[in-house]
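Take a look at the letters that make up each chain.
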Amino acid sequence: MTTNLDLNSIALRLKEQYGQVVFAEPDYLEVTAGALPHIAGYLKNTPGLDFDFLDMVTAADYTDRFELIYRLVSIKNNTVIALKVKCGRDRAEIPSLAGLWKGAQNQEREIYDLFGISFTGHPDMRRIVLWEGYEGHPLRKDFKEKAYDAGN
Amino acid sequence: MEIERNPLTPASEIDLREGRGIESLRAASQHAIPDPEAWMNEEIKRNLLFTTVDGALNWARKSSLWPVTAFTACCTFEFIGASSPRFDIARFGMEVLRASPRQADLLVCAGTLSWKMAPQIKRLYEQMAEPKWVVAMGACAISGGIFHDSYAVVPGYNRLVPVDVYIPGCPPRPEALLAGFETLRKKIAKDSITRPRA
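Protein chains in written order, with this note's numbering: chain H, 1 to 152; chain F, 1 to 198.
The hints are simulated quantities; they were obtained by calculation from the structure and are not laboratory data. Since this is a predicted model, take the numbers as computed values, not measurements. Ideal Cβ placement from N, Cα and C applies to all residues, glycine included. Some hints here could point you the wrong way.
Claimed, not checked - Straight line, CA to CA, 27 Å or less: simulated BS3-like cross-link-like pairs of lysine-lysine:
(1) F:Lys-116 x H:Lys-144
(2) H:Lys-141 x F:Lys-186
(3) H:Lys-102 x F:Lys-116
(4) F:Lys-132 x F:Lys-186
What the hints assert, rightly or not - Quick list of the computed label-pair ranges, beta carbon to beta carbon:
(5) F:Arg-91 x H:Glu-132: 41 to 49 Å
(6) H:Asn-78 x F:Ser-100: 35 to 43 Å
(7) H:Lys-144 x F:Gly-81: 33 to 41 Å
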């Protein structure tokens, strides 16, 4: 029988371990960019937590900042949590989690492609959807498409 | 010695009808049919048909439009519907979907085309042998459709290849596709070998 982990208890354990880098919100945990690899590794490798599956990585542009959202699944404990990381819009950089979950690799490339957030420590940081030589990152809110600005 | 038989089942009407059919065919087929050369009417053998080179060529071309298997998005399924027995483009000699552009003469542009895929489609068109025709199927192929201002989508196939017939719809139903192909056939029938295709 599986047991569900409680988000608050996970937050408490992380706070004990890492102090003020973890902010517990009602529905998700927010961590700082610098602490992300350590906390993700802790969530993955700690017995009793076992978040061994990275369901999804995505990003959102709030015009003054980016937010990255990681959806982690602990199959053993039948629990899903969301990790959020804030990231500045100038020189946007986030540590890559591709070393922990290989599945992050392509999704981080896609985020780089569409948002222009580069992932430090990623083994293959280049565009994935758009072509080499494309200017700009289309899912940024301030993105303008030159070809269509004039008429349409 | 008397052989004991089980009582026979009375023959059913179907069996009786079959038996009568076989018997009558057998009765009518007692002699070999001679070589047609021996009995075919002399006038039929020497029959002549008068037409123009254009007429004969265009008739052949419009009656055997072979589409290349290059479909980019969801309109494809309406094309598959049109090519399956219910709508049956085989009636017009179009059912031979070629996997090689060198054997095809019709490019059916079915669906949204991204700029990343565009060089491949252009290359396929260039690999097709003349004469060749292009049908833009659906809103995306005509103008990019709802993606017309997207950073990733080609706003209409006519930016890449010359389009002969536009079939509107999102997606067009197989009937619309058949009507479009009919329009294309009418267009082909007006072609002439003395007038090079633009």
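The hints, checked one at a time:
1. For the suggested pair Lys-116 (chain F) and Lys-144 (chain H), the alpha carbons sit about 19 Å apart, so the restraint of at most 27 Å is met.
2. Of the supplied pair hints, the one linking Lys-141 (chain H) and Lys-186 (chain F) is violated, its CA atoms being roughly 49 Å apart against a limit of 27 Å.
3. Note on Lys-102 (chain H) and Lys-116 (chain F): the hinted pairing holds, with a Cα-Cα distance of about 26 Å set against a maximum of 27 Å.
4. A hinted pair counts as satisfied when its Cα atoms are at most 27 Å apart, and Lys-132 (chain F) with Lys-186 (chain F) qualifies at roughly 15 Å.
5. Hint check: Arg-91 (chain F) to Glu-132 (chain H), Cβ distance near 46 Å, so the stated range 41 to 49 Å holds.
6. Separated by about 51 Å at the C-beta atoms, Asn-78 (chain H) and Ser-100 (chain F) break the suggested range of 35 to 43 Å.
7. The hint said 33 to 41 Å for the Cβ distance between Lys-144 (chain H) and Gly-81 (chain F), and at roughly 40 Å that hint holds.
Of the numbered hints listed earlier, those contradicted by the structure are 2 and 6.
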